[in-house]
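Protein chains in written order, with my numbering: chain A, 1 to 403; chain B, 1 to 403; chain C, 1 to 356; chain D, 1 to 356.
The set of hints was computed from the structure by calculation and includes no laboratory data.
Keep in mind that this is a model prediction, so the values were computed, not measured.
Here a beta-carbon is modelled for each residue, glycine too, at the ideal position from N, C-alpha and C.
Do not rely on the hints blindly, as some may be mistaken.
[Stated by the list, open to error] Derived BS3-like pairs (lysine-lysine); straight-line CA-CA distance at most 30 Å: (1) A:Lys258 to A:Lys331; (2) D:Lys252 to C:Lys244; (3) B:Lys140 to D:Lys244; (4) A:Lys140 to C:Lys244; (5) B:Lys331 to D:Lys147; (6) C:Lys252 to A:Lys140.
[Stated by the list, open to error] To give an idea of the chain C side of the interface with chain B (calculated C-beta under 7 Å), a few residues: (7) Met1; (8) Arg246; (9) Leu263; (10) Ala264; (11) Val268; (12) Cys273; (13) Ala346.
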Amino acid sequence: MDLSYGAEYEQYRGEVAAFLKANWPLEGDEAGLSHAEQALVFRKRAIEAGFLARSIPKAYGGSEQPADALRGQIIREEFGKAHAPGDARGIGTMMLVPTLLDRGEEWQKQKWVGPTVLGETTWCQGYSEPGSGSDLASLKTRGELVGDGWVINGQKIWTSGAHRADYMFCLVRTEPEAQKHAGISYLLIDMKQPGIDVRPLKMMTGTSEFNEVFLNDVKTPKDWIVGKRGEGWLVSRTTLKHERNSIGDASATEALFKGLLDLARRSKRGGQPAIEDPAVRQRLGEIEGYMLSHKYSGYRQLSAQLKGENPGLIATMNKLNSTNIAHRIAKLALDLLGDDGMLDPQGQGALMGMAPKGAPGWLSQYMSSLGVAIAGGTANIQRNVIGERGLGLPRDMAVQRSK
Amino acid sequence: MDLSYGAEYEQYRGEVAAFLKANWPLEGDEAGLSHAEQALVFRKRAIEAGFLARSIPKAYGGSEQPADALRGQIIREEFGKAHAPGDARGIGTMMLVPTLLDRGEEWQKQKWVGPTVLGETTWCQGYSEPGSGSDLASLKTRGELVGDGWVINGQKIWTSGAHRADYMFCLVRTEPEAQKHAGISYLLIDMKQPGIDVRPLKMMTGTSEFNEVFLNDVKTPKDWIVGKRGEGWLVSRTTLKHERNSIGDASATEALFKGLLDLARRSKRGGQPAIEDPAVRQRLGEIEGYMLSHKYSGYRQLSAQLKGENPGLIATMNKLNSTNIAHRIAKLALDLLGDDGMLDPQGQGALMGMAPKGAPGWLSQYMSSLGVAIAGGTANIQRNVIGERGLGLPRDMAVQRSK
Amino acid sequence: MDFGLTEEQQLLQQTVAGFLENECPPVRVREIFESEDGFDETLWKGMLELGLGGLAIPEEYGGAGLEILDLALVAETLGAAATPGPFLGHALAGLAIAAGGSDAQKQRWLPALATGDRLGSVALVGEDGGWLPEEWSLAPGAALTGKQRFVPFAHQADLIVVGTAGGGLSVVERGAPGLEVSAYPGVDRTRRVCEVGFSSTPAEALESGAGAADRLRDAGLVLLAADALGGASRCVEMSVEYAKTREQFGVKIGSFQALKHQLADMAVEVEPCRGLVWYAAHAMDHVPEEAAHAAAVAKAHLTDRFMQVGRDTVEAHGGIGFTWESDVQVWFKRAMFDRAFLGQPAVHRERAAADW
Amino acid sequence: MDFGLTEEQQLLQQTVAGFLENECPPVRVREIFESEDGFDETLWKGMLELGLGGLAIPEEYGGAGLEILDLALVAETLGAAATPGPFLGHALAGLAIAAGGSDAQKQRWLPALATGDRLGSVALVGEDGGWLPEEWSLAPGAALTGKQRFVPFAHQADLIVVGTAGGGLSVVERGAPGLEVSAYPGVDRTRRVCEVGFSSTPAEALESGAGAADRLRDAGLVLLAADALGGASRCVEMSVEYAKTREQFGVKIGSFQALKHQLADMAVEVEPCRGLVWYAAHAMDHVPEEAAHAAAVAKAHLTDRFMQVGRDTVEAHGGIGFTWESDVQVWFKRAMFDRAFLGQPAVHRERAAADW
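Using the sequences and the hints given, assemble the complete structure.
Okay, structure coming up:
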């Protein structure tokens, strides 16, 4: 166990800090640009300097650095401290770019990877449909080749960021004769065209983090397909997930716990601060055990990455584990809120890695702790994955049969 | 809602009490008999008076009274108060007698029903086998007709009371060619013969409430079969379960909760009685909610019986519900025991409807709360039954396929 | 001996359920849920025509003279349908006056509450919290000054029964000087709550308010428990129904063992509670020495069950259960109301513990 | 930066695991479990030959001079195999003397403990309970009088480190006048406990016992957490193994979703805890300001997880898991020991809460 980063890396940290000192915030005329424009200007320089888009080849607009998770972690830490724009977030960098790099045509990489990692071009994902949640094989959106273009009709759901995305990467049934998975293709679609109708999907918290997307004779060129016709399901599955930021994940849980402690200090029980109530303390203590376990699991996974080792079983558990902890935190928060538990969340959405401050935020958190499970596949799907891939238990019969 | 028994029934209660006053305890020479002998003498009189074996025809040794669950309840209450022997308990009266009455030959009823309800003849049940828990279709004990008798070989497990039983009613594969359930017959076997080897099955508490029974060329006459050859599985399923004593069941849970309160009064937390600790009080309070729900559900079921109504969904839940409550009680008890949680249960077995007093008893309860679930089919089987029979959900695919 | 409902009681429940099926189907609930003030005159009038305005008000004052159990059965049925409207506060106001008013006070207020010509509500918690009569802090007197929170439908109410320091009850009427009602952003849009301010507002103390406060508290707890029972049962039904309809991997999702067992567990959480609610209601009229304990346990237990089952119902519906469009949110948010209104489960468990 | 084990540490764990696989398979565990005194000389000798007697004793006193983390890794491995014997008490006695003894005291006792020529144990709770140094009640002095409970393998021990009022530590040696050891009916037959009585029994106080008591407590908590981690992990493995082997309705029971999900939940309870134990051990040597907190959280969390997973393991094995014949009971009962020894989870959560 050596929790220091070591001299070599501390020196690297110094280089990162020096770069940031010289380059952020922007100065002069550039300081007058919009937030988004500033981010683009800065990201270009950071990529040139080798600090962002590190795993992307230079040919496609990245900085093509050797894999080094600890350097990545240091960059995230230092950029975070300086409030400087980091790697462009979102589904485009997380899923589309790795897919293109792995399976795309050369011209596709040339065209899309650079702008996407820069944050200039944004994407949304068209996988889920009403009626096909975790069962993608049953999807119904159809694409027909008419002349030299695809004509697409159908409906997608749970499409995060669809209203501002430039493009959608999308699973579409193009071979109606083929069975289940075999008839699906992976198409790219320009979102700025008639025939696309994006409707915000309002959540019970009152916010709309997702959309429904209706596709009505939507068109896309014949060669905006990744992989071959009918290979879409495979292409979507071979996508290497973006290197998971296990530390960031655990920090968010820790921040939430600290927020809960704060709430317990400010709430009252029988005239005393709730944090003095032995029953509350025991529940907080139980959550602390789970939270710290999750935190140190994050370190374990980072270490495994550093050594190029497979983190093993633990990596498949992150999602369910953090969902479980968020549930526990949310439930205790509701108890601490007391009468305020009858208030409306007033359209407060989920907070990324931050703890809510007021009652409406906690109420939104209370409800969102359910939504979290849904966004990443329901808890039961996670349990299937852990049981089958993690523990090696035999496949489910019903699912097996349908494959 | 009328929780009084009403004048008519209170008068009946008087009759029961008067009978008991005149007949129990036994006097004179009879007082010198053994406990078992006294019970037989007394039960005969109580059956004659119409107080026991109420649902059994007079022709077979019962008192053949009209069904009246409230009279039954009053008899249980008054007999209990007087510590007088009630209806013979055990698997013989609960399962074999109803089966014989429903499916047995006339000579079988004549021979076995009377002595069984009197408590003179006792039975054990031979259904489960190692390797076939809830899946009876897979049982392997074989019976072959040789001359005018069956020769039986195999092994049974979870056989309660096998070491003192006179007979076993038993599921045996007699038609090896037939598929699964179709090859099973329901045979009666004399336990007092060579070839039967009863071995106590020691539990983790150190007690032996169950046995393994090894059958090695065991013999039984050709006509000691209930129903036809190959109908055994049906015969075992058509057995009407003994009228469930829902009140008794709930009283046992209530007694356990009261014992828990008592334990909380005697245990210490931070120098104070544990029952003063707010964290302990909340957990006790949660259990009280479950316990009282279960208690009043018992009354609801009794009332439904009285009116000849189907108690509905609730009756299928009794088992799982009381198991769940026992788990909660056991877990809190372990916490209250503190250091004594490291002690050995010292061979203390499960207590029927009573709360343990000392630490060893509670430790046995802690472990037995797991065993309870097993004895009545595991919790998962109960959930299947509730889901499928109670809520009408579709059958499980794997189980369906094997039927 | 009959631990069950009389034919009249079953008929009452069926009548109310039948009425709601026609007049308050989910689509209607959603309209009221989305509306400005959450108050639907037609629906409420219909309920009043069924006599739901004065069920437990004595016959001599124009009510039906029924028992708390009857009232609870209606509350359960309303809860199952997530019925929007002022039933809870109105019923409690009537009970409070019936229990604590002088004959003159009863004559003055009860008949109009029974018919529903006037709408009642209750204001039982101040800015610093504390729902229990012994925690009430608003200074009593002929004029009240201060604030009360979470007053149901105060924006529609004609009279409000207010809890005052020392456990007394006072009545404030609509239009009284210094009375200020502002809508509150409540989570449960079927039962709107307001903040009510008093500034030297004339109020009339109920003659024996102090004696009536405990009965008011217990009745409130029982009605919330009953609402939670109805709501939780409906949640189980909705989830089961969804599992029987929705398909995945070519089969109904209800055939998947994991979901089946979750649904079974939900049912086992809820169904055994029915008798607990019945008994708590029954005790209020017939076993007074057990009433406070039974009401406290019932409120704590049922509102916890409803909240848990509400969460499970969202999960059982998958992503769609988390949307605004889904009806699930209506029951989920009613569970949040039931659990917090009149004090959280922990508060009442602690009270119940005093009887051990 | 390396939140993980060194090659040496992995080798240490592998070596111990390999030794146990040969010398302490379940069948051997059961023999010792059933034996009169639970002490197997051959097995213990073998462990001493591996150097497990003095892992964390400084090299200058004959030990290996390793850290608490190394000791914890061994404890985890022993826990996974449910290894019977006096490792825990012996290790803690050595740590106590190393932390609190004068140089002369260390010279006198540590080398023999390191080789295992003498067996150590600890007596840290009195008849009225209270495992924490500030709760100890036995009057200190050159002679001790009183009783201590739950002293591991006192019937075999050559010296016992006794906690005394004020948080001091004293050493009592085998054969001392007035020392009376009686076996106690403990549930965990792999770690036997005794009651130890003192009657004017000569004892030697450790020079800086008061300073060492906290370290002794934290080390004990970490070793129990590590044992629980090993035990709980093995429980998950056993349950998964059973589910992959056992058939019902013609298929492996592990293909049933309900059981599969229960096993997944068990794994999620246990696997993420590994880092928590590592960090608590690491903190004792390198982050002293966090050591007490981390040890308290680790003990509370891990022993709760082990107990829960132990119960789940019984259920996952069906009826057979509840029998004496099944190995499951051995781990189940170790979980009961780990959870209660040195104080229940609630005690240590309350201590940890003081740091918030």
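Task: Cut-off 7 Å, beta-carbon criterion: hint that leucine 263 (chain C) touches chain B - done: Result: holds, 6 Å to nearest chain B Cβ.
TODO: Using Cβ atoms only, decide whether cysteine 273 (chain C) comes closer than 7 Å to chain B, and label the hint accordingly.
DONE: holds, 5 Å
Open item on the list: Let's test the interface hint: is any C-beta of chain B closer than 7 Å to that of methionine 1 (chain C)?
Closed with: Result: holds, 5 Å to nearest chain B Cβ.
Task: Per-residue hint verdict: arginine 246 (chain C), partner chain B, C-beta under 7 Å - done: Violated. Min distance 12 Å.
Task: Evaluation of the interface hint that places alanine 346 (chain C) against chain B, nearest CB under 7 Å - done: holds, 6 Å
Task: Supplied contact hint for alanine 264 (chain C), tested at 7 Å Cβ to chain B - done: With a minimum Cβ separation of about 4 Å from chain B (threshold 7 Å), the hint on alanine 264 (chain C) holds.
TODO: Measure nothing beyond the straight line between the CA atoms of lysine 252 (chain C) and lysine 140 (chain A); if it is 30 Å or shorter, mark the hint as holding.
DONE: holds, 18 Å
Task: Agreement of hint valine 268 (chain C) with chain B interface, Cβ distance less than 7 Å - done: Where the cut-off is 7 Å and the nearest Cβ of chain B is about 5 Å from valine 268 (chain C), the hint holds.
TODO: Starting from lysine 258 (chain A), check that the Cα of lysine 331 (chain A) is at most 30 Å away, please.
DONE: holds, 15 Å
TODO: Given the hint that lysine 140 (chain B) pairs with lysine 244 (chain D), test it: the Cα-Cα distance must not exceed 30 Å.
DONE: Roughly 22 Å between the alpha carbons, so the hint for lysine 140 (chain B) and lysine 244 (chain D) holds.
TODO: Please work out if lysine 140 (chain A) and lysine 244 (chain C) have their alpha carbons no farther apart than 30 Å.
DONE: holds, 22 Å
Open item on the list: Hinted pair, alpha-carbon criterion (30 Å max): lysine 331 (chain B), lysine 147 (chain D). Please report holds or violated.
Closed with: holds, 29 Å
Violated hints amount to a single one, hint 8; each of the other numbered hints is respected by the structure.
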